[in-house]
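2 protein chains.
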Amino acid sequence: MAAGDYALSNSEKDGLYKAIFSRRDVRSHFIQKEIPDDVLLRILNAAHHAPSVGFSQPWNFVLVKDRSTRQQVKESFERERERSIKMLEGDREKQERYSKLKLEGILESALNVCVTYDPTRFGPFVLGRTSIEDTGVYSVCCAIQNLWLAARAEGVGVGWVSILSNEDLERLLEIPAHVKPVAYLCLGYVEEFAKKPDLERAGWLPRMGLSEVVCYEKWGRHESDDKWSGLASSLNNI
Amino acid sequence: MAAGDYALSNSEKDGLYKAIFSRRDVRSHFIQKEIPDDVLLRILNAAHHAPSVGFSQPWNFVLVKDRSTRQQVKESFERERERSIKMLEGDREKQERYSKLKLEGILESALNVCVTYDPTRFGPFVLGRTSIEDTGVYSVCCAIQNLWLAARAEGVGVGWVSILSNEDLERLLEIPAHVKPVAYLCLGYVEEFAKKPDLERAGWLPRMGLSEVVCYEKWGRHESDDKWSGLASSLNNI
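From first to last, the protein sequence lines are chains Y and Z.
Each residue of the first sequence is one higher than the last, beginning at -11 in my numbering.
Each residue of the second sequence is one higher than the last, beginning at -11 in my numbering.
One chain only, chain Y, in its complex shape:
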C-alpha cells in the first residue's frame, strides 16, 4: 500500500478535529440531565483504550454520584481556593479577577469521576517504565484526554477540578496508600460549549502562537534552517 493510505477519510478526520478544537473545560454551563448508560459506557471505553506504558492499563475510574461525598469534595475545593486567593495578596488586581472566576461544577454536574493511577498493576516489572517511572502516571493522563474528547463528541461537558487536596480525595473515596488520584472530573450535558476557553475569554492569558512552542533540533531554537523553512513559514501563518 502507498504511504498515507491509512489516513482516515476527510469526514472522519473532521470529527476528530472538531472534538479536539471544540472541547472545553466546563465549569458553569451544566444542565440537569442524567447521562444515559450507553453514552457513559462509550466515554469510559474510549478512556480505557488509551496507550499505556508496557500495556499496564494502570487506571481506575471512580464514578461518584453520592451527594454527601460531592458536598465534602466541594468543601475541599473551597478550602484550597481560599489558600490560592491568599497567595495573591501581593497582586490585588489578579486576586480580584481570580475571586470572580467560576472554577468547578462539582454539585451541578450529573456525575463526578475520579481517575486514579495504580503503580502496582501488573508489576513490579512494568515494561518501558524502568528508566522513567513517571511514564505510568503519564498513561493515565492519556486516558483522561481520550475520555474528554469522547465526552465532547457525545455532547457531554467535562471540567477538571485541580483546586483540591489529594489527601481529602484519598480519605473521601477510600483510595489506598499505593494508589494516586490523578484527576477529579465533573461530567454533564451543557447549555453550550463556549467558542473559546473561559480563561482566554476572561483575558486571564492569551493563546500562544504555535510557532512559539515548536523548536527545531534543539530546545529553544525557534529559528529554522533550510530543512525546516517550509514548516516554519506555515506555522507563522496560522
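Simulated from the structure, these hints should not be mistaken for laboratory data.
Don't take every hint at face value.
Claimed, not checked - Which chain Y residues stay away from chain Z? Per the calculated CB distances, all over 12 Å, these:
hint : residue
1    : 16
2    : 62
3    : 95
Stated by the list, open to error - Derived lysine-lysine pairs resembling DSS-like cross-links, with alpha carbons at most 25 Å apart:
hint : chain 1 : residue 1 : chain 2 : residue 2
4    : Y       : 21        : Z       : 215
5    : Y       : 168       : Z       : 206
6    : Y       : 88        : Y       : 184
7    : Y       : 53        : Z       : 215
8    : Z       : 62        : Y       : 206
9    : Z       : 183       : Z       : 88
10   : Z       : 62        : Y       : 215
11   : Y       : 206       : Z       : 53
Owing to the predicted nature of the structure, the values given are computational and were not obtained by experimental measurement.
Even glycine gets a Cβ: it sits at the ideal position worked out from N, Cα and C.
Dock chain Z against chain Y, hints included.
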C-alpha cells in the same frame, strides 16, 4: 436547546472513535517517506489545543531530524534496554521474551519529537496548579494524546520511546535545567496499523475488562447497587 444537542454527528463521532480504537504504539512498521508540512502542522496544532491547567500551555515540541542526534538517542535507548534486561535476571523466560521485542523506531521513523514541560511558563502563579503541582505535567500528557490521535487520523504512526535516560535527552537536545522532557516520540507513515497492540498480540499482557477498572462511589468497589446496576450490566457485556 435540548440536552445532547451539542453531540457531534454520528459520522463525526465515528471518526473520533476510529482514531481512538485504531491508534497504536508503532515501533516496527515505519516506511521511508517524509511527512508533508501541512500534515505535520495539523498534528502539532491538535497537540497545542489540548487542555492545560490555568491555560498555561506549558509544552514545547522539539522536532528532531538530525541523524547524529538520533543516533545518540538510540545509544541511550540501547544502554537503558540493557539495564532493563539485567533487571529480569530472576525470570529468564520473561527476559528472553523482552529481548525479542522491537521497542523503538528512532532511526527508521521520518521524524522524532521530544515533548517537554516548562513549569515556569506564565508563572510563578499558575491558576489551578497551586494545590496539585503535577497538573502542569499532566497538561503536557493531554497534548501528547491529542498529537497521537491526530497523527493516527492522518495515517501517521507514533511510537513513544520510554526506555531512555532523561539526562541524555537533556544534554543532546540542550534542554535547560528548569524544563522536563516528558515524551520522546517517533513519527512516520507505516506499512500497517496492527489490529491489536503489539504487547497484547505478543501475549505480554491481556487487555483488562472495562468492568475491572470502573469503581462505584469508592475506590475498589466493583459491586454496583441499584443506582449503578444498569451501567454495571452494560460494562459486563462489552
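Going through the hints against the structure:
1. 16: About 15 Å separates residue 16 (chain Y) from the closest Cβ of chain Z, which puts it past 12 Å; holds.
2. 62: holds, 14 Å
3. 95: The assertion about residue 95 (chain Y) holds, with a minimum of 16 Å to chain Z.
4. Y:21 to Z:215: Holds, at roughly 15 Å.
5. Y:168 to Z:206: Roughly 14 Å between the alpha carbons, so the hint for residue 168 (chain Y) and residue 206 (chain Z) holds.
6. Y:88 to Y:184: At roughly 18 Å apart (the allowed maximum being 25 Å), residue 184 (chain Y) and residue 88 (chain Y) satisfy the hint.
7. Y:53 to Z:215: Within the cut-off at roughly 9 Å; holds.
8. Z:62 to Y:206: holds, 16 Å
9. Z:183 to Z:88: Distance of about 20 Å is within 25 Å: holds.
10. Z:62 to Y:215: Holds, at about 22 Å.
11. Y:206 to Z:53: Given that 25 Å is the threshold and the Cα spacing comes to 10 Å, the pair holds.
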